[in-house]
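There are 2 protein chains.
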Amino acid sequence: MDNSRLSRQISFILELDRLKTILRQSLIGDGSRQENDAEHSWHVSVMALLLAEYAPPQADAWRAAQMLLFHDVVEIDAGDTFIHDDVGNASKAQREQAAADRLYALLPDDQRDHFRALWEEFEARDSATARFANSLDRLQPILNNVATQGRMWQKNRVTAPKLMGLVGRIAQGCPALGDYAHQLVEEAVRKGYLPAE
Amino acid sequence: MDNSRLSRQISFILELDRLKTILRQSLIGDGSRQENDAEHSWHVSVMALLLAEYAPPQADAWRAAQMLLFHDVVEIDAGDTFIHDDVGNASKAQREQAAADRLYALLPDDQRDHFRALWEEFEARDSATARFANSLDRLQPILNNVATQGRMWQKNRVTAPKLMGLVGRIAQGCPALGDYAHQLVEEAVRKGYLPAE
Chain A
1 MDNSRLSRQI SFILELDRLK TILRQSLIGD GSRQENDAEH SWHVSVMALL
51 LAEYAPPQAD AWRAAQMLLF HDVVEIDAGD TFIHDDVGNA SKAQREQAAA
101 DRLYALLPDD QRDHFRALWE EFEARDSATA RFANSLDRLQ PILNNVATQG
151 RMWQKNRVTA PKLMGLVGRI AQGCPALGDY AHQLVEEAVR KGYLPAE
Chain B
198 MDNSRLSRQI SFILELDRLK TILRQSLIGD GSRQENDAEH SWHVSVMALL
248 LAEYAPPQAD AWRAAQMLLF HDVVEIDAGD TFIHDDVGNA SKAQREQAAA
298 DRLYALLPDD QRDHFRALWE EFEARDSATA RFANSLDRLQ PILNNVATQG
348 RMWQKNRVTA PKLMGLVGRI AQGCPALGDY AHQLVEEAVR KGYLPAE
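Protein sequence lines correspond, in order, to chains A and B. For the first sequence, this note's numbering assigns the number 1 to the initial residue and increments by one for each residue that follows. For the second sequence, this note's numbering assigns the number 198 to the initial residue and increments by one for each residue that follows.
One or more hints might be untrue.
With the Cβ distance kept under 8 Å, some of the chain A side facing chain B (calculated, not the full set) [unchecked claim]:
1. ILE10
2. ASP30
3. ASN36
4. GLU39
5. SER41
6. GLN111
None of these hints come from the bench; they were simulated from the model. From the three backbone atoms N, C-alpha and C, an ideal C-beta is built for every residue, glycine too.
Input sequences plus hints: build the corresponding full structure.
Here's what the structure looks like:
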């Protein structure tokens, strides 16, 4: 066993622990607190396995699950950028590239290249697998917002037209889940969880 | 799209959210609070991918990662049973079987059978993949305890001989990580994080 190789892998594993402290703009299902990136990453990865049958034929759901396990790692340095925060999103790509440079360099070179490429593929959405993974990443907060009566939507002044833009992205990566998300948003408006405009 | 099938899958996904509220007898890496089952499941799944090269030849690390994503689902009903709690462990199997009966029945029958079998395999440790997954499930709390100066070990009166029993289990599923865990425990004793007896 190459101890220095294992030490680098363990350093990365310990660094990843910090994802448990990065809070998102969604509540957990019982509404008691904000969700963190580690538990969100777990939730979307299990969704990839449970909803694999809806993935388009060219998408590999298990590879999407792997992608989703790592998709928020850069937020250890760059923080969570709320999807409806236009100012934060202007600098997001640059902050996240710097974070990826530092974080993935903790790994041995072959793994650095492999896991960074997996994240770059997710971000670029230039494969069916990456688009499917992105669909799940966008569907999960809608599920949790509906479960918590849209409290974080109201707090962050999210409206139905804004959310329908995201639903379009879900449909791009997974038409069946796009239809389902569309129904969820209409239901949320009907129930008063989400302002119609 | 079969809406009733998707509805069942989404019900299970929403129920899984409750794993975020089940607390374990380990702290997160910065020592600020107890870790929950969802973020623990995420951490051990990424470990399966990052440490795949140490898996014995018969073990499938990717399948171990899938197993680990779901390995604690039964704790939604059965709660977390601390590995050093002898009383709790006497009733653990029965409580967890009842939990599995209820929880996996939320899924469509084919998925109920598939995901329950994956969990049963993990619990029974009767495959190289299940033993590898169990090794990671036992290594991760040791890493987090060392990172937090053994505070939860001291609180729960865990000693080095008790922990060495677990290290033996890690070695059974993954000799290389067993060696590493052995070194970690010795280091923890040397640093005063863990009582020698």
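Going through the hints against the structure:
For A:ILE10, the interface hint holds, since its Cβ comes within 8 Å of a Cβ in chain B; the closest pair sits about 7 Å apart. The interface hint given for A:ASP30 is met, as the beta carbon of that residue sits about 6 Å from the closest beta carbon of chain B, less than 8 Å. Nearest Cβ of chain B to the Cβ of A:ASN36: about 7 Å, under the 8 Å cut. The hint holds. The restraint placing A:GLU39 at the interface with chain B holds, with a minimum CB-CB distance near 4 Å, inside the 8 Å limit.
Of the supplied interface hints, the one on A:SER41 holds, with its beta-carbon coming within about 5 Å of a beta-carbon of chain B, less than 8 Å. Annotation: interface hint on A:GLN111 holds; nearest CB of chain B at approximately 7 Å, less than 8 Å.
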